[in-house]
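Trainee: Here the protein sequences line up with chains A and B, keeping their order. One point on numbering: in the numbering used here, the residue at position 241 of the first sequence is 241, and numbering is uninterrupted. One point on numbering: in the numbering used here, the residue at position 101 of the second sequence is 101, and numbering is uninterrupted.
Please keep in mind that the hints were generated in silico from the structure rather than gathered at the bench. Worth double-checking, as some hints may not be accurate.
What the hints assert, rightly or not - No farther apart than 16 Å at their CA atoms in a straight line, the calculated lysine to aspartate or glutamate pairs in the EDC-like style are these:
#, chain 1, residue 1, chain 2, residue 2
1, B, Lys-167, B, Glu-114
2, A, Lys-19, B, Glu-275
3, B, Lys-119, A, Glu-68
4, A, Lys-196, B, Glu-28
5, A, Lys-65, A, Asp-79
6, A, Lys-146, A, Glu-168
7, A, Lys-196, B, Asp-136
8, A, Lys-19, B, Glu-131
9, A, Lys-194, B, Glu-2
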Amino acid sequence: MDIVVCVKTNPDLQMVRVKDRVAVTEAVPYKIGDLEKNALQAAVDLRAAAGGKVTALCLAVGNRKAAEDVKVALAMGADEAVVIDDPALAAPDQAAVATALAAAVKKIGACDLLLFGEGSTDNYSGQVGARVAEILGLPQIGYARKVEAVGGAVRCERSMDDMLETLEAPLPAVVTVVSEINEPTIPGLMQIMKAKSKPLQVWSLADLGLDAAQLAPTREIVSNLAEEQDRKHILFDGSAAEQADAFVNALIKEGVLGR
Amino acid sequence: MEQVECIVVGGGLAGLSAAYGLASAGAEVMVLERGDYSGAKNVTGGRLYVKPIRRFYPELWDEAPYERPVARELVTMMAGGAHTTVEIASDRFTAGQPQSYTVLRARLDQWLAEKVGEKGAMVVPNMKVDELLRKDGKVTGIRAGEDEIGAQVVIVAEGVLRLLSSKAGLTSEPQARHHAIGYKEVIELPAGVIEDRWRLNPGEGAAHLFMGDCTKGMMGGAFLYTNKESISLGMVVGMDDMRRRRDGSESWQLLDEFKELPQIKPLVAGGTVAEYSAHSIPEGGISQVPKLAGDGYVVAGDTAGLSLNALVTVRGMDFAIASGYFAAQAVLKAKEAGDFSAAGLASYEASLRDSFVLRDLETARSIPNVMENPRLFTHYPQAIGRLLESVYTIDDQPQAGIVKKAWRGVRRDFMSVATVKDAWSMRKI
Ligand SMILES: Cc1cc2nc3c(=O)[nH]c(=O)nc-3n(C[C@H](O)[C@H](O)[C@H](O)COP(=O)(O)OP(=O)(O)OC[C@H]3O[C@@H](n4cnc5c(N)ncnc54)[C@H](O)[C@@H]3O)c2cc1C
């Protein structure tokens, strides 16, 4: 079974600071997102069971070192990597990302299963997997916590809060995975060294037969901020018991408790 | 066992500098760095003296990501609530190529790691080396987790703690007596505020050191370096003094108390603490420099004890970069001769001895002893403050003449047997 795993590199969220309500990403390194690593691990596990080849596919948005960073995917076990890097893709929307990825999947050719994380650690739109499935006309299973190959199909389990759902789709198919699916392995030094000689290609939009105009964003995100809440600045005096009473009363008065 | 030509343990400035030199000459190099990226775990005060290292890798230093060239130097002696500051802003500090810049390691080291990668070296972050492999006294490679990788030469640049090198018997275990503990905060302030507070032209920076009460009489001092849009404010205290103090206070409390002083508060007012870090510093001087090379290995940077705290100038980064450069040159020579034994790598120590690195450390040989004199951090800051304070004080009594006031202070605080002894011990620094 040949598997393509879409891996996105995100700014390392631990390193991003917020200043004046804006994320400071200057000098923040990028790395492959955690959910993408789950998807990659799932692919490596499937390959162990069903054979085939794993290709990591990365669209380099805003990360000029993507071709370097994607080597982590090779060290984790992917056989090959493809990076789509083009200046026209500086700030694409989800539609453009999906268009470019779908074109790349077609160009890669052999693909029985296309894996995604359920969302990316930075924007978390959760749209890209479904959009690519739509463009390619493939069946899609979202939020899988288990993936198995059964004959010519993929069988997935997903958690629906009070029940587990088991779905099967004929291959080729698209599956997005959640973090419970596995614990990604941390590659050892030897694997990292071996990754160096694995094939890695960098494609531009022209290589995919796309032009920038096709990918121009249809929406522009002007601002993306959590709602600002004013603090009440209420201080309580007295003994611990008095403070607790006053606190509970205040919560009731605010309508937070005892509704 | 998989083999590479050179393994560099530690992607700090020393390790990266060595890797840059080696990769530039086409050697096969792998840098292993425990942190998420180079710079993630590295701590410095904040000032890199660039003049000494310009001739190594000249293409690098004009484009390095510095914060500000240091145009103004200040040193404050503080005791008994009096702060006396000496200040110099010289045209020569910044004319042409400035002699020093403030830096932030997260940025500087990451940039250098990228340069090293561009030269063809493999820089592997998130990779902790667990052991230096030795066979018949020769260092033959490293072990990281399950994986053992062989190398013709290992450049050990693991920083100050020497966990690997002391375990492998290449260096001794670090002793508290020869180290200081440093910790600092990066406090964000707008560029304009920084330039106003330290009276700087746009883009220029200041370096401000403090000694005396800030360390409660312990060996050490405080430092403040201005970055582009933040200041690095921290403290360095002798580890032995810190261990022996009896007041139960924690090291970080000193910094908090320092920030609350009426003379310091306005300098940090309105700032946001963005980062906190701590690290130890080798301060043993040249007498604590270990054997620099042996069969199959060299040691560089802090691992080799190459740092120098001379009270008003603090150096370690320039030594780290220089030692990395010389290590690379020595390894290249050894490669040419096909001899990676101690003899084949001997040019490393020779070139360090010829260079400013071991020469400046030699010149400063007596500094660690002088610094152990507590009067440096108690009596003198107080005496200077008292003297100047008296000159500037007008109260309701008839005033003595200025010269008389000054003389009184000099006689009281500087003309004692102890001072003469101190002066004698300091004659060589
Ligand atoms: C508070 C403070 C203030 C200072 N102020 C100044 C100053 O103003 N100017 C100046 O020039 N110097 C200053 N110094 C000294 C200077 O910072 C150091 O001398 C310099 O950082 C040494 O560089 P290095 O590369 O030898 O070590 P480091 O920068 O410590 O690099 C060692 C690297 O090795 C890695 N490592 C360690 N163990 C392993 C392992 N097992 N496997 C893989 N990687 C490992 C670490 O993660 C680290 O990245 C200051 C130091 C401190 C702490």
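Trainee: Now tell me, hint by hint, if it's right for this structure.
Mentor: Results of checking the hints against the structure:
| no. | hint | result |
| --- | --- | --- |
| 1 | Lys-167/B / Glu-114/B | 31 Å, violated |
| 2 | Lys-19/A / Glu-275/B | 13 Å, holds |
| 3 | Lys-119/B / Glu-68/A | 14 Å, holds |
| 4 | Lys-196/A / Glu-28/B | 13 Å, holds |
| 5 | Lys-65/A / Asp-79/A | 20 Å, violated |
| 6 | Lys-146/A / Glu-168/A | 11 Å, holds |
| 7 | Lys-196/A / Asp-136/B | 32 Å, violated |
| 8 | Lys-19/A / Glu-131/B | 41 Å, violated |
| 9 | Lys-194/A / Glu-2/B | 10 Å, holds |
When held up to the earlier numbered hints, the structure conflicts with 1, 5, 7 and 8 and fits the remainder.
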